Amino acid sequence: MIRIVFAGAVMAFAMPVFGQEKPASAANLRVRVAASNAEAKDLLDAKASAWNAAEPINVLLSRTPRVYQTEPTAPRTAPKFEVRAIRSGGNLFVRLQWEDATKNAPQAPAKKSGEGGDAEKIYKRPTGETSSFPDVVALMVPQEPKGAFPSLAMGDKNNPTRIFYWNASRGTQELTSTGRAMQKPAGRDFPHRADHADGKWTVVLQLPNQPDGCPVAFAVWDGEHQDRDGLKFFSIWYVLTDK
Amino acid sequence: MSKHQYAMVMDLNKCLGCQTCTMACKKQWTDGDGMEYMYWNNVETRPGKGYPRNWDGIGGGFDRTGHLAPSPLPSAEDYGHAWEYNYEDRLFNGSQKPVMPSGKKQNWGPNWDEDQGQLNGGDSFYFYLPRICNHCTHPACVEACTTKAIYKREEDGIVLIDPERCRGYRHCIQACPYKKIYYNEVLGKSQKCIFCYPRLEQGKVNACAAQCPGRLRFVGLLDDPESPVHKLVLKYKVALGLLPERGTGPNVYYVPPFNPPRATNYGKSLLQDPRIPLGYLRYLFGPQVDDVLRHLEAELKTAQSGGTSELLQLLIGRDAETRYRIVDPETMEVIGPMPTQQLVQVGLINRKQESQR
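Protein sequences, first through last, are from chains A and B.
Throughout the first sequence, residue numbering follows my numbering, covering 1 to 243 in sequence.
Throughout the second sequence, residue numbering follows my numbering, covering 1001 to 1357 in sequence.
It is worth saying that the hints were derived from the structure and are not from the lab.
Here the structure is a predicted model, which means the values were calculated and not measured.
A few of these clues could be false.
[What the hints assert, rightly or not] DSBU-like, lysine-lysine: derived pairs with alpha carbons at most 35 angstroms apart:
no., chain 1, residue 1, chain 2, residue 2
1, A, 111, B, 1049
2, A, 124, B, 1301
3, B, 1003, B, 1104
4, B, 1003, B, 1152
5, B, 1003, B, 1237
6, B, 1097, A, 121
[What the hints assert, rightly or not] According to the in silico footprint, chain B covers these stretches of chain A (three or more CB under 8 angstroms from chain B):
no., segment
7, 90-102
8, 123-134
Virtual Cβ for every residue (Gly too), placed ideally from N, Cα, C.
Pulled out of the complex, with its shape left as it was, chain A reads as follows (with noise of 0.2 angstroms):
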């Protein structure tokens, strides 16, 4: 009896030091959306001036649960990841950067050629690596934002969603989705511009654009510990805001 009281006290002590880390309030989940005239072309450089006049928002991620069997044990820690929002010449422009030690982007080898005959015709474009997957960041939108926030499991029938995928080792890619394992190649990919650089990965999307009040969520994954699939770092829905 006396060990239950005494564990009571403890959790009425904690919980409040918990609470005080990182309050949970909606003003906490928009992404600001900027302003600005500057030309496409500049705005994929991730330096450009143009993104200090835009808002960093510091995106809150989650590890997926444990629902794939194939998933190491090992517990992870979430990067840090900032997003940075603009809005020019009716394109959507978002700056992504997370923390990421290591680069992975697994290309396969170039054709053989130089060992005699058509090197055309005798060769062909080997595999290189068979256990190694790129790092990976998506944004997800509803394809239709009407006010109702889709699953974050990709959506859902009534709600699909719009996904703007970016790969290390092949690029963009968008996709559109009804839920987990619906997701369909649209047939499109976007301009973008990536770098690595001091741990960090700097990712720039030029998207179509999105309404102001747009519901947007963001997932990461990182090549080195095999991340793919729904082996990843998600945030929850957050709120593209005008400023």
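Go by the hints and put chain B onto chain A.
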């Protein structure tokens, strides 16, 4: 669960290790970009480490509770990079060095440990193990795939990857206990043996079987009483799946090897002091291997003493009609019904469905 199940039986006593099957498959299916290192059909020397290296020792399949038991992903070095030879130097540039692999020094590859035997009490033993995808009754790859890209064809049980759905996540490779799915880095997708379904649909047998000079492969529907695989697996019960304890219900079956006998055991039974240790055969094919060898020995004795063995005649498999029975879809519909117990045995129905019949 599929309506019918295509299966293959390989008689390991007849395999020459010539790799003609490997080349037939390579030329037919894995000649494209990103596929150089892939051998959907490979032949490895046992008790060697195989391809990819140590594939049977790293995990995969299901554990005793029925959960996936994924392995680590084999590295490119575990498969072995394809290499080139210095033909140009030797043939055209006047080099006096012999023709040798050029480029980076290799330390593994498919068939790397060819013909390396192991000593068993003074006698060396080894045998060849040809391997393709097992088109399992309960495929771990299908269960592991989170994008629903892998499926088992309802009409004939062949397991395929839909390239449109596959995103190259490779959960399937970790889940497969046989490591018979390969990652194509150029395409960013996984690929595997398709049991030559386009050939079967034209009434032609699998390329690996068609080219086999040892005539060791038998192909047909497991649930077709007229097919050689039905006879070898279910009627005569002399063919067993590989690593059955992994729980996937493989549909490639092997007649276990038992030759040659030891130099010193002339006149003794196959099971008395065999050259290939029974423990090793039990590891590969399960505890039923003892019964299979006993059965084969009895048939051999019958034949050697002037009698006729239907089973041995079938295993000799002189012509294609004996070894293969490829049926068109209309015929498939009229096959059966198969005895319920056999359907359970091959996994075409489960116990619950059996009780409902």
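Now for the hints, and whether the structure bears them out:
| no. | hint | result |
| --- | --- | --- |
| 1 | 111/A - 1049/B | holds (30 angstroms) |
| 2 | 124/A - 1301/B | violated (52 angstroms) |
| 3 | 1003/B - 1104/B | violated (49 angstroms) |
| 4 | 1003/B - 1152/B | holds (11 angstroms) |
| 5 | 1003/B - 1237/B | holds (22 angstroms) |
| 6 | 1097/B - 121/A | holds (27 angstroms) |
| 7 | 90-102 | violated (count 0) |
| 8 | 123-134 | holds (count 8) |
Violation of the numbered hints given earlier is confined to hints 2, 3 and 7; the remaining hints are satisfied by the structure.
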